[in-house]
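Novice: One-letter residues, chain by chain:
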Amino acid sequence: MYPATLHILLAEDDQDDRLFFRDAFDEVKIEHTLAEFEDGIDLMNYLHDTDVLPHIVFLDLNMPGKSGLECLKEIRSNNRLRDLSVAIYSTSASNNNIEETFIAGANVYIKKPKDFSTLKKIISDVIHINWQYVTDGLNRENYMLSY
Amino acid sequence: MNRTFLNITDNTFFKIALSFSVCLLFFIASVSFRQLSDVTHAQELIIRSRDRQIELEKLLSVIKDAERMQRGYLLTGEQSYLEDYYNSRHKTEKILGCLETLVNNESLKRDNLASLKTHITKRLDILDQTLTLSKTFPVVHPELTADLKKGGIEMQKIQGLINKIVKTEKAALHHYEAFHKSKNKFLPYTTGFLVIFALLILFVSFYKINRDSEKFRKMNDDLVLVNKSFQYAEEIAAMGHWKRNLKTFEIEWSDNMLRLLGVQRTAAMYNEETLVRVTHPDDRQKVAEAMLRVRDFNEPPNIIYRIIKPNGQIRFLKSAGKLIHINGTPLMLGATCDVTEQVENSRYIEKKNLELEAAIEELASFNHIASHDLQEPLRKIQMFISRIAYEEADKLSQKGQEYFERVNVSALRMEQLIDDLLLYAETNKAEQVFETSDLNGLLLEAQQELKAEIEEKQAVITSEMLPNIPVIPFQIRQLFVNLLANALKYSLPGTVPQIKITCQMVRAKDIEAIKSPVSKNYFQISITDNGIGFKQEFAEKIFVLFQRLHKKDDYSGTGIGLAICRKIAENHFGFMTATGAPGQGASFHIYLPK
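Residue numbers (numbering that gives the first Met the number 0), protein chains in the order written: chain Z, 0 to 146; chain B, 0 to 593.
Bear in mind the hints are in silico, worked out from the structure with no lab data behind them. No experiment lies behind these values; they were computed from the predicted model shown. One or more hints might be untrue.
[What the hints assert, rightly or not] Only pairs whose alpha carbons sit at most 27 Å apart, straight line, appear in this in silico DSS-like list of lysine-lysine:
#: 1; chain 1: B; residue 1: 317; chain 2: Z; residue 2: 120
#: 2; chain 1: Z; residue 1: 65; chain 2: B; residue 2: 379
#: 3; chain 1: B; residue 1: 207; chain 2: B; residue 2: 108
#: 4; chain 1: B; residue 1: 184; chain 2: B; residue 2: 108
#: 5; chain 1: B; residue 1: 93; chain 2: B; residue 2: 156
#: 6; chain 1: Z; residue 1: 28; chain 2: B; residue 2: 379
#: 7; chain 1: B; residue 1: 57; chain 2: B; residue 2: 121
#: 8; chain 1: Z; residue 1: 120; chain 2: B; residue 2: 379
#: 9; chain 1: Z; residue 1: 113; chain 2: B; residue 2: 488
#: 10; chain 1: B; residue 1: 321; chain 2: B; residue 2: 285
#: 11; chain 1: B; residue 1: 90; chain 2: B; residue 2: 166
#: 12; chain 1: B; residue 1: 394; chain 2: Z; residue 2: 119
#: 13; chain 1: Z; residue 1: 113; chain 2: B; residue 2: 350
#: 14; chain 1: B; residue 1: 57; chain 2: B; residue 2: 93
#: 15; chain 1: B; residue 1: 350; chain 2: B; residue 2: 317
#: 16; chain 1: B; residue 1: 90; chain 2: B; residue 2: 156
#: 17; chain 1: B; residue 1: 207; chain 2: B; residue 2: 14
#: 18; chain 1: B; residue 1: 149; chain 2: B; residue 2: 90
#: 19; chain 1: B; residue 1: 166; chain 2: B; residue 2: 182
#: 20; chain 1: Z; residue 1: 120; chain 2: B; residue 2: 90
#: 21; chain 1: B; residue 1: 182; chain 2: B; residue 2: 169
#: 22; chain 1: B; residue 1: 57; chain 2: B; residue 2: 116
#: 23; chain 1: B; residue 1: 156; chain 2: B; residue 2: 63
#: 24; chain 1: B; residue 1: 163; chain 2: B; residue 2: 90
#: 25; chain 1: B; residue 1: 285; chain 2: B; residue 2: 317
#: 26; chain 1: B; residue 1: 214; chain 2: Z; residue 2: 113
#: 27; chain 1: Z; residue 1: 113; chain 2: B; residue 2: 394
#: 28; chain 1: B; residue 1: 14; chain 2: B; residue 2: 214
#: 29; chain 1: B; residue 1: 149; chain 2: B; residue 2: 57
#: 30; chain 1: B; residue 1: 351; chain 2: B; residue 2: 90
#: 31; chain 1: B; residue 1: 63; chain 2: B; residue 2: 108
#: 32; chain 1: B; residue 1: 57; chain 2: B; residue 2: 156
#: 33; chain 1: Z; residue 1: 28; chain 2: B; residue 2: 350
#: 34; chain 1: B; residue 1: 217; chain 2: B; residue 2: 227
#: 35; chain 1: B; residue 1: 398; chain 2: Z; residue 2: 113
#: 36; chain 1: B; residue 1: 379; chain 2: Z; residue 2: 119
#: 37; chain 1: B; residue 1: 163; chain 2: B; residue 2: 57
#: 38; chain 1: B; residue 1: 184; chain 2: B; residue 2: 163
#: 39; chain 1: B; residue 1: 163; chain 2: B; residue 2: 63
Whenever a hint applies, use it, and build me the whole structure from the sequences.
Specialist: As structure tokens, then:
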């Protein structure tokens, strides 16, 4: 049930984080394409224009222009995009952020790890999640991914 | 103010005493009067008795005179003897007439008098007859002698009768005199008693009146004093009072009220217009409406309004009233005070409060954002460290690896600092929800969180029964975590850590550290360990943010943990203290209001 090539989008304003993310994905060794965006505006423009929808969108919360939460809300309110799998990828693990994004309809919440091997494990876990299950049975226990 | 009014029982007592005295006085007076009239009566009886005796004697002497004169004439034939003789009958009649008025039913009875009268008439008749006989017969004529003899017998009868009457009269007189004497005997006493009693009542009344008037004078003085001090108090408090008769709608203002309003006392000023006139235009309607409600619905006012004083100064006044009834007349009593300072103060405080809230908010968010933003680069540093450690470590020299390890330790320490700072910022946030929680459960959760450390050090933790009280649950759990972690961290090397959690109720006044208690009783929860302890002189210092007693290399720590603990205790309106001795363990006491 996994697609031959996984299409991944990452909206992240920090260059280093994008590097870590790219490197980690490369090391996970799965057929994928990774499109990176420096802010929410670029991401949304791309999503509105593209014909090929991604499998997973990773959203940083704290971005200039359009924040991750705004992007999430826009995706969920758009008929064409509303079924996308969205993973929040943020430094913060504050209850506020977790609550808000959960209510706005994000599928998982990932707290950015401080360790590269952990990042690899997280990415590996996320792409192996049974997304159908996560989307159907939204529940708080499974929502937060922390290591 | 109560004592300024006469006691009602006092008054009734006075009335009863007065009426009793009056009755007694009347009684004594009537007794005296009776005695006096008895004495007078007795005197009268005596006088009459004497009169009767005198009259009787007079009567006897008249007859005897008549007899003597007749004899004189009979013996001498001297016509001069008869000059007065013919008056005798007339005289006896006069005396008898007089005796007639002196008749009583005791000594001189009417029939006695009548028989006396008959005998006397008869005697006089005999005398006349003898006289007539003497003119026709010689002196020793048997008929004349017989007549004289007859006259002698009659005379004896009269004498006997009179003697008898006089005798009874004497007895009666004696009786009257005894009676008079007896009456006379009591009269001075009763009169004396009357006088003494009257004097007594007079004195008592005088004393009472004097005392009452003294009391009234004192009360009056007190009242004047109270009034003066009230006025003075009003003046100091910048207050005035007023009253409004709700029947006549008359308004009366005290001097201080006028001073507050800045108006002069004039005859025509007692109306609603006066107040409305000095009121600030924006508040005029409010004041007028309040006064209308007082007048029409007897509704006590409670308003704050502005007035403009003659010098243009704007003052805030607060008026409040109370409806009372005096002798059935409804009165609205009111007090007005100048609250300008309070209003300005409360506005100032309000403003400062808002500023303070904003400052706290700003500080908290600054703290939060600063720590949060610090996390970002730190996390990347750690990420790079982890990548170098995995991928590039073998390319470093021995020294490089050593330095690299130092970098890693510093990064870890910084991470811990930031985490703790965030926690501290979180603890500082004002809006926290209190829930009644079982502290035993929260302690258990804390132990669970520290399971690894507890097992590693094989610590023995014992706890007493903790109460069920309203707390901010996650903060209390954090408090337990911090204190347990502290006890575990500062354990004596080579000794099994023993941590005891005890709880008891203490009275606020028994605890020196409680400066301004919010409750009478506090729960004292103590966490005692057998660790390295500290010098008692540092007992306060350990709660200060970033204060550490040990070198970083000996014991890891940020110096925030205990500051957080104290903050949590303060968030629960309690506080925290510590006691300890080097090498003998430490005790941390949390006081939470009951």
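Novice: If a hint holds in the structure, say so; if it does not, say that too.
Specialist: Now the hints, each set against the structure:
1. Annotation: proposed proximity of residue 317 of chain B to residue 120 of chain Z is violated, straight-line Cα distance about 72 Å (limit 27 Å).
2. Under the criterion of a C-alpha separation no larger than 27 Å, the hint pairing residue 65 of chain Z with residue 379 of chain B is consistent with the structure, at around 23 Å.
3. Distance check on the hinted pair: residue 207 of chain B and residue 108 of chain B sit about 60 Å apart at the alpha-carbon level, beyond 27 Å; violated.
4. This hinted pair does not check out: residue 184 of chain B and residue 108 of chain B have alpha carbons roughly 31 Å apart, beyond 27 Å.
5. With a C-alpha separation of about 21 Å, the suggested pair residue 93 of chain B and residue 156 of chain B falls inside the 27 Å cut-off, and the hint holds.
6. About 23 Å separates the Cα atoms of residue 28 of chain Z and residue 379 of chain B, which keeps this hinted pair within 27 Å; it holds.
7. Annotation: proposed proximity of residue 57 of chain B to residue 121 of chain B holds, straight-line Cα distance about 18 Å (limit 27 Å).
8. Between residue 120 of chain Z and residue 379 of chain B the CA atoms are separated by roughly 17 Å; this keeps the pair inside 27 Å, and the hint holds.
9. A C-alpha spacing of about 25 Å is found between residue 113 of chain Z and residue 488 of chain B, which places the hinted pair at or below 27 Å, so the restraint holds.
10. Using a Cα cut-off of 27 Å, the hinted pair residue 321 of chain B and residue 285 of chain B holds, with the two alpha carbons roughly 19 Å apart.
11. Restraint check for residue 90 of chain B and residue 166 of chain B: the C-alpha separation of about 24 Å stays at or below 27 Å, so the hint holds.
12. Simply put, residue 394 of chain B and residue 119 of chain Z have alpha-carbon atoms about 23 Å apart, close enough for the 27 Å limit, and the pair holds.
13. Of the pairs offered as hints, the one joining residue 113 of chain Z and residue 350 of chain B is violated, with about 45 Å between alpha carbons and a cut-off of 27 Å exceeded.
14. Taking the CA atoms of residue 57 of chain B and residue 93 of chain B, the gap is about 11 Å. The hint holds against a cut of 27 Å.
15. For the suggested pair residue 350 of chain B and residue 317 of chain B, the alpha carbons sit about 22 Å apart, so the restraint of at most 27 Å is met.
16. Taking the CA atoms of residue 90 of chain B and residue 156 of chain B, the gap is about 20 Å. The hint holds against a cut of 27 Å.
17. Restraint check: the Cα-Cα separation between residue 207 of chain B and residue 14 of chain B comes to about 12 Å, which is no more than 27 Å; the hinted pair holds.
18. Annotation: proposed proximity of residue 149 of chain B to residue 90 of chain B holds, straight-line Cα distance about 22 Å (limit 27 Å).
19. As the CA atoms of residue 166 of chain B and residue 182 of chain B are separated by approximately 24 Å, the hinted pair is consistent with the 27 Å bound.
20. At roughly 176 Å between alpha-carbon atoms, residue 120 of chain Z and residue 90 of chain B are farther apart than 27 Å, so this suggested pair is violated.
21. For the hint pairing residue 182 of chain B with residue 169 of chain B, the CA-to-CA distance comes to about 20 Å; that is within 27 Å, so the pair holds.
22. Between residue 57 of chain B and residue 116 of chain B the alpha-carbon distance is near 14 Å, which keeps this suggested pair within the 27 Å criterion.
23. Proposed proximity of residue 156 of chain B and residue 63 of chain B is supported: the alpha carbons are some 13 Å apart, at most 27 Å.
24. Pair hint residue 163 of chain B plus residue 90 of chain B holds up; C-alpha atoms about 22 Å apart against a cutoff of 27 Å.
25. Annotation: proposed proximity of residue 285 of chain B to residue 317 of chain B holds, straight-line Cα distance about 12 Å (limit 27 Å).
26. This hinted pair does not check out: residue 214 of chain B and residue 113 of chain Z have alpha carbons roughly 93 Å apart, beyond 27 Å.
27. Restraint check: the Cα-Cα separation between residue 113 of chain Z and residue 394 of chain B comes to about 22 Å, which is no more than 27 Å; the hinted pair holds.
28. For the hint linking residue 14 of chain B to residue 214 of chain B, the alpha-carbon distance of about 18 Å falls within 27 Å, and the restraint holds.
29. Restraint check for residue 149 of chain B and residue 57 of chain B: satisfied, since their Cα atoms lie roughly 23 Å apart, inside the 27 Å limit.
30. This hinted pair does not check out: residue 351 of chain B and residue 90 of chain B have alpha carbons roughly 133 Å apart, beyond 27 Å.
31. Between residue 63 of chain B and residue 108 of chain B the CA atoms are separated by roughly 23 Å; this keeps the pair inside 27 Å, and the hint holds.
32. The straight-line distance between the Cα atoms of residue 57 of chain B and residue 156 of chain B is roughly 17 Å, inside the 27 Å bound, and the hint therefore holds.
33. With a C-alpha separation of about 62 Å, the suggested pair residue 28 of chain Z and residue 350 of chain B falls outside the 27 Å cut-off, and the hint is violated.
34. Simply put, residue 217 of chain B and residue 227 of chain B have alpha-carbon atoms about 15 Å apart, close enough for the 27 Å limit, and the pair holds.
35. For the hint pairing residue 398 of chain B with residue 113 of chain Z, the CA-to-CA distance comes to about 25 Å; that is within 27 Å, so the pair holds.
36. A threshold of 27 Å between alpha carbons decides the hint, and for residue 379 of chain B with residue 119 of chain Z the separation of about 15 Å falls inside it, so the pair holds.
37. Taking the CA atoms of residue 163 of chain B and residue 57 of chain B, the gap is about 16 Å. The hint holds against a cut of 27 Å.
38. A C-alpha spacing of about 31 Å is found between residue 184 of chain B and residue 163 of chain B, which places the hinted pair above 27 Å, so the restraint is violated.
39. With a C-alpha separation of about 18 Å, the suggested pair residue 163 of chain B and residue 63 of chain B falls inside the 27 Å cut-off, and the hint holds.
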